[in-house]
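*Asks:* Sequence:
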Amino acid sequence: MRFAEYLRAQRVAAAPGRDDRPWVIAHRGYSGAAPENTLAAVDAARAIGCDFIEVDLGISGDGTPMVLHDSTLNRTTTATGTIAQMSDERISLADAGSWLGPGFAGQRVPKLRTLLADLAEHGGRLLLEFKDDWSPGAVSQVAADIIETGMADRIIIQSFSVRTLEAARDLIPMVPRCLLRLMPRDGDVELAHALEVIGYNPSERGFFARRQLAEEFMELGFGMFVWTVDAPAVWERLLGSGISAIITNHPGRLQGYLAAKYDAV
Numbered sequence: 001m002r003f004a005e006y007l008r009a010q011r012v013a014a015a016p017g018r019d020d021r022p023w024v025i026a027h028r029g030y031s032g033a034a035p036e037n038t039l040a041a042v043d044a045a046r047a048i049g050c051d052f053i054e055v056d057l058g059i060s061g062d063g064t065p066m067v068l069h070d071s072t073l074n075r076t077t078t079a080t081g082t083i084a085q086m087s088d089e090r091i092s093l094a095d096a097g098s099w100l101g102p103g104f105a106g107q108r109v110p111k112l113r114t115l116l117a118d119l120a121e122h123g124g125r126l127l128l129e130f131k132d133d134w135s136p137g138a139v140s141q142v143a144a145d146i147i148e149t150g151m152a153d154r155i156i157i158q159s160f161s162v163r164t165l166e167a168a169r170d171l172i173p174m175v176p177r178c179l180l181r182l183m184p185r186d187g188d189v190e191l192a193h194a195l196e197v198i199g200y201n202p203s204e205r206g207f208f209a210r211r212q213l214a215e216e217f218m219e220l221g222f223g224m225f226v227w228t229v230d231a232p233a234v235w236e237r238l239l240g241s242g243i244s245a246i247i248t249n250h251p252g253r254l255q256g257y258l259a260a261k262y263d264a265v
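Going by the UniProt record's numbering, the sequence shown opens with residue 1, and the numbers climb by one from there.
No lab work stands behind these hints, which were simulated from the structure alone. Ideal Cβ placement from N, Cα and C applies to all residues, glycine included. Among the clues, some could well be false.
[What the hints assert, rightly or not] Have a look at the derived ranges for each label pair, beta carbon to beta carbon:
#, residue 1, residue 2, range
1, 240, 135, 39 to 49 Å
2, 173, 11, 31 to 41 Å
3, 148, 208, 37 to 47 Å
4, 240, 10, 21 to 31 Å
5, 98, 152, 14 to 24 Å
6, 221, 144, 28 to 38 Å
7, 87, 132, 13 to 23 Å
8, 260, 5, 24 to 34 Å
9, 120, 162, 29 to 39 Å
10, 171, 208, 26 to 36 Å
11, 75, 148, 28 to 38 Å
Take the sequences, apply the hints, and build the full model.
*Replies:* Structure representation (structure tokens):
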């Protein structure tokens with residue numbers, strides 16, 4: 001499946017970034033307004049109508065996919081410890097919201113299954129990032145959650161890890177995938193074809209440093225989601241380049257910026 005096929009399957013008439021404005025993707029949920037990777041951040045992104053909500057996945061010591069960026073709880077919760085050495089129950093006891101303010105006290109590190117149930121009830125589409133390198137067995141736990149909740153058509157997967165993307169391709173081929181890169185590399189076009197991804201997602205710095213390679217990907221029909229871009233001056237540089245989406249911590253600001261550009265009379 002190529003990006004254009006994905007858009008047709010999703011009944012998206014105008015290609016983002018080419019025929020219309022690029023998609024707005026909320027980074028770690030609406031992390032500029034709520035604690036990252038919590039249900040509060042997901043709800044805040046959904047409330048303003050983000051096209052996709054990006055979240056991160058780790059896995060607990062007992063094999064449960066958890067929505068968390070770091071390998072430890074230290075930075076974003078009241079607890080400490082490495083999640084690969086903890087049970088999902090213990091991880092779920094940590095307060096993942098009060099570090100940002102008392103109004104978010106009681107937010108938890110969600111299980112993926114909990115997040116998918118929330119989306120099934122309230123709506124939204126996920127850009128689901130597998131952090132680090134996942135074994136096929138670990139990816140199968142995510143596959144089970146996606147299949148059992150019936151959410152395959154609301155998710156795009158992304159990862160830096162070739163092994164992870166290979167496992168996702170083999171286990172849940174119906175879920176589209178994107179290859180993440182900090183800096184685009186020679187040979188990535190061939191790799192993207194082998195992985196059967198629909199998109200190629202470089203960092204802001206990588207996109208501009210390897211602009212010719214990025215443009216080759218777009219000419220070949222791959223989607224391109226550039227991360228993580230919060231500066232209006234960079235949004236301006238990206239507009240008109242043909243990229244499909246901008247991933248940002250401040251999706252509300254980006255929406256306002258795009259509205260002024262595309263909706264001005």
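*Asks:* Against each hint, give a clear statement of whether it holds in the structure.
*Replies:* Cross-check of the supplied hints:
1. 240 <-> 135: 39 to 49 Å: holds, 41 Å
2. 173 <-> 11: 31 to 41 Å: Once the Cβ atoms are compared, 21 Å apart, the range 31 to 41 Å for residue 11 and residue 173 is violated.
3. 148 <-> 208: 37 to 47 Å: With a Cβ separation near 41 Å, residue 148 and residue 208 satisfy 37 to 47 Å, so the hint holds.
4. 240 <-> 10: 21 to 31 Å: Holds, at about 24 Å.
5. 98 <-> 152: 14 to 24 Å: This hint is violated: roughly 34 Å between Cβ atoms.
6. 221 <-> 144: 28 to 38 Å: Holds: the Cβ-Cβ distance is about 31 Å, inside 28 to 38 Å.
7. 87 <-> 132: 13 to 23 Å: holds, 19 Å
8. 260 <-> 5: 24 to 34 Å: holds, 32 Å
9. 120 <-> 162: 29 to 39 Å: With Cβ atoms ~30 Å apart, the hint holds.
10. 171 <-> 208: 26 to 36 Å: holds, 35 Å
11. 75 <-> 148: 28 to 38 Å: holds, 31 Å
Checked against the numbered hints listed earlier, the structure breaks hints 2 and 5; every other hint is satisfied.
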